[in-house]
Each structure stands twice: as structure tokens, then as C-alpha cells.
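Novice: Residue numbers (the numbering used here), protein chains in the order written: chain D, -11 to 181; chain Z, -11 to 181.
Derived by calculation from the structure, the hints in this document are not laboratory data. Check the hints yourself; a few may be wrong.
In silico lysine-lysine, PhoX-like type, Cα no more than 20 Å apart, as pairs [as the list claims (entries may be wrong)]: (1) Z:161 x D:124; (2) D:151 x D:124; (3) Z:124 x D:124; (4) Z:124 x D:168.
Under 7 Å between C-beta atoms, here's a sample of chain D residues computed to sit facing chain Z [as the list claims (entries may be wrong)]: (5) 71; (6) 78; (7) 96; (8) 100; (9) 130.
Stretch-level coverage of chain Z by chain D, calculated; a stretch enters the list once three of its residues show a Cβ under 8 Å from a Cβ in chain D [what the hints assert, rightly or not]: (10) -5 to 1; (11) 56 to 69; (12) 84 to 93; (13) 99 to 105; (14) 153 to 165.
Here a beta-carbon is modelled for each residue, glycine too, at the ideal position from N, C-alpha and C.
There are 2 protein chains.
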Amino acid sequence: MKNKSVEDIVLEIKDKSELMVDLAYSSILYDNKIIAKEVYDLEDLVDVLYQTLQKKTLEKLSNKKLSVNDSLALLRLAAAGEQIADAAQEIADVELRDVELHPILKMSIRESDQVFTKVEVKSNSILAGKTLGKLKLASETGMMVIAMRHGDKWLYGPNKKTKIDAGDILFAKGPEDGEKHLIGLANGDTKEI
Amino acid sequence: MKNKSVEDIVLEIKDKSELMVDLAYSSILYDNKIIAKEVYDLEDLVDVLYQTLQKKTLEKLSNKKLSVNDSLALLRLAAAGEQIADAAQEIADVELRDVELHPILKMSIRESDQVFTKVEVKSNSILAGKTLGKLKLASETGMMVIAMRHGDKWLYGPNKKTKIDAGDILFAKGPEDGEKHLIGLANGDTKEI
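Could you build all of it, start to finish, from the sequences and the hints given here?
Specialist: Rendered as C-alpha cells:
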């Protein structure tokens, strides 16, 4: 973390905090404590990032390497990200405290502007054996994979280099039409992305 | 609002608060005070929704129409949404206080997992004259339109029935590949969605 720029850190806080919100909703929708605990771990990481950013920003300001305005903008953006991470933890907490969501409320959250989905990649799926970057899954279907289960291993916030294997479980979010497309691709019915 | 169910209200808080975060980032990236002010207006709306939800939840609980657990889950989810809305307002505040973002920081935020973009729909674009629902823009390109400018009118969080006209400016967010696709469609170079 020592060598990261303040811009890199504020961006990491932004991306991680937004991923946390998505993971937290997935955890309550699929009653999944493993994902909910990951939100807690990420909150610890965001806390460290936030403290590092505050220190680096003030150091750069005192060394005249940042203006007062730039420092203010950085501190405010980071504080907002930290607040979003806290909110995500609050959501994950609903899952961890064994407050099982009422089915009507679950249905309602699933049907928001962006739907959440969970699919298993079958062995005859064209997704199997390819990377997310190669598939361009997000731009071709609108569905962003937020977490994956590979056997008993979990991966959160996968990137372009992440390979999908047959048997993997994908947790994703995106538009309703995209969900149908992704389900078809994962179960092998749809052969073209 | 009187006839909305508690599930509808909590969903509206979720959707509006997430839209607010996206609008807030767009406002600072494109130095747009109109969008930043909309974030403020939406924060007022979310406050009203939150207060209504609290009252309705406690009324239903006292009438034995909700369990203690369901009430707790509703109150916590709504509180988390309200917190995200506050964070969005904090981000919009950076724009409204004339703290112009340093170009390096702008570039860095634009290059997050999901990029933000702004495109004008040319008259020879295949998007012109069609609704978002007909185009399936989100699932075909991965790009979600978060705001549109039509002449001097603005629309935030458009839905499937929203029609795109030539000359409209779209503010959208999504994966990098999706941005290229959307730009090609909007400027008329790409004829197939």
C-alpha cells in the first residue's frame, strides 16, 4: 500500500465499497453467510485504505504536493466510500444475525432496477473454460459477475483474467433481459453470446 | 405514498440511493451542477421515504401484521439505503462547492470497474426514435443510462418506456467494452446493436 497513489486508493475505496453493497444484497437474497462474512472482511480493508488515504493526503498537502481543494475533494470522496462500505456491512448484518428475510421482501429486492441472480455453469456451457475478458460477459449480456464459487473456493469481484470452469456458481447482477441470457448461456441452451 | 407497501418503499429507497451515487459521480466527472442538484432533490425524497417506512413498519408491527424480525430487517435495510443516499450527497457536494476535481483524479474515477460515459445521439444513430425497452440497451451493451438531457429537459433514472431522440445526451455507466459499443451506436457508426 506504501507505493499506491492517493488516486489509486480513492478508486479502490470506490470500487470495493460498491462491490460490498452488491455482495451484501446477494448474501441476504441467497441466505449466504460466506458472502456476508466477506463483506465484513472487505469493510476492514476499506477502513485501512481510508486511514492510509487520510494520512497520505495530509502529508502531500503539508509538502505542498497537493492543493487544499484537491485534498478536500480526496478526503470527501474517500469518506463517502467509507460510508457506503458501512452501509453494506449493515445489510450483511441482516444475514449474519439470522434475520431471515420475508419471501415477499426478498422477491421485491430481487426485482429492483438491476436484478441479482445465481447460476451454475454446466459442462456443455460455452462459458466453461473461458475468461471473463475473452467472453466480454458484462458488455454482451449486461450481467456483471460479483462473486464466484469454484468447488469450496470463493472469488469476489473477479476481473478480465478470471476463468470460468464447468461447475462454477456465478453470482451476478444486471438487467432482467441479461439474466435470461446468462441463464441460457450457463445451462448450455444458448450457444452464442 | 399512502398506498405503497413497505416492500415497495424499501425497494424504492434501494434503487434511488444507488442511482444517486451514480449521478453524483457523473456530476463531478462532467462538472455538471444540474445533475449534482438532482442528487440533493433525491436525498429529500429518500428522507421522506425513510420516515414513511419507519412509521408504516412500526404501525404494522403494533397491529401484529409484521413480526419483530421482519420489522428489524426492513428498518435496517432502509437505514442502509438512507446512509448510501447521504454518501451520494457528500459526493455531489464536491461538485456544488466548486471544488473542481484534479484531472488525474477524474481520470482515475472514470477508469473504475464500471466506467462513466456521456454521448450525444446523432440523427443517423439507430438509437434515435426507439425506447430503451425496445433497444434492450442495458443487456445488449452492458451500459445503463442513468440520466438523459433532451433539449433543456432532464430525465433521471429512465425506464423501459423512455424514448431516445436524436440530439439527446445520454449519461451512462457500464463496462469498458460496452462504452465503445454505445459510442459507436450513438454516433451512427455502428448499425447493429
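Novice: Are there three or more residues in the segment 56 to 69 of chain Z whose C-beta lies within less than 8 Å of some C-beta in chain D?
Specialist: Answer holds; 10 residues pass the 8 Å Cβ test.
Novice: Would you check whether residue 130 of chain D satisfies its interface hint, that is, whether its CB is within less than 7 Å of any CB in chain Z?
Specialist: Where the cut-off is 7 Å and the nearest Cβ of chain Z is about 4 Å from residue 130 of chain D, the hint holds.
Novice: Taking the closest Cβ pair, is residue 78 of chain D under 7 Å from chain Z?
Specialist: holds (4 Å)
Novice: Could you check if residue 100 of chain D really has its C-beta closer than 7 Å to a C-beta on chain Z?
Specialist: Check passed: Cβ of residue 100 of chain D comes within 5 Å of chain Z, closer than 7 Å.
Novice: If you count the residues of the segment -5 to 1 of chain Z with a beta-carbon closer than 8 Å to a beta-carbon of chain D, do you get 3 or more?
Specialist: Since three or more residues must qualify, the claim that chain D covers the segment -5 to 1 of chain Z holds, with 4 doing so at under 8 Å.
Novice: Between the segment 84 to 93 of chain Z and chain D, are there enough contacts, at least three residues with CB-CB distance under 8 Å, for the coverage claim to hold?
Specialist: holds (count 6)
Novice: Given a cut of 7 Å on the nearest C-beta pair, is the interface hint for residue 96 of chain D held or broken against chain Z?
Specialist: At 4 Å from the nearest chain Z Cβ, residue 96 of chain D passes the 7 Å test, so the hint holds.
Novice: Quickly compare the C-alpha distance for residue 124 of chain Z and residue 124 of chain D to 20 Å and report which way the hint goes.
Specialist: Status holds; Cα separation ~17 Å.
Novice: If you look at each residue in the segment 153 to 165 of chain Z, do at least three have a Cβ nearer than 8 Å to any Cβ of chain D?
Specialist: Coverage by chain D holds here, the residue count being 4 at a Cβ distance below 8 Å.
Novice: Can you take a look at whether the segment 99 to 105 of chain Z is actually covered by chain D? Rule is 3+ residues, C-beta closer than 8 Å.
Specialist: Coverage by chain D holds for the segment 99 to 105 of chain Z (4 residues, Cβ < 8 Å).
Novice: Hinted pair, alpha-carbon criterion (20 Å max): residue 124 of chain Z, residue 168 of chain D. Please report holds or violated.
Specialist: holds (12 Å)
Novice: Holds or violated: are the alpha carbons of residue 151 of chain D and residue 124 of chain D at most 20 Å from each other?
Specialist: holds (12 Å)
Checked against the numbered hints above, the structure violates none of them.
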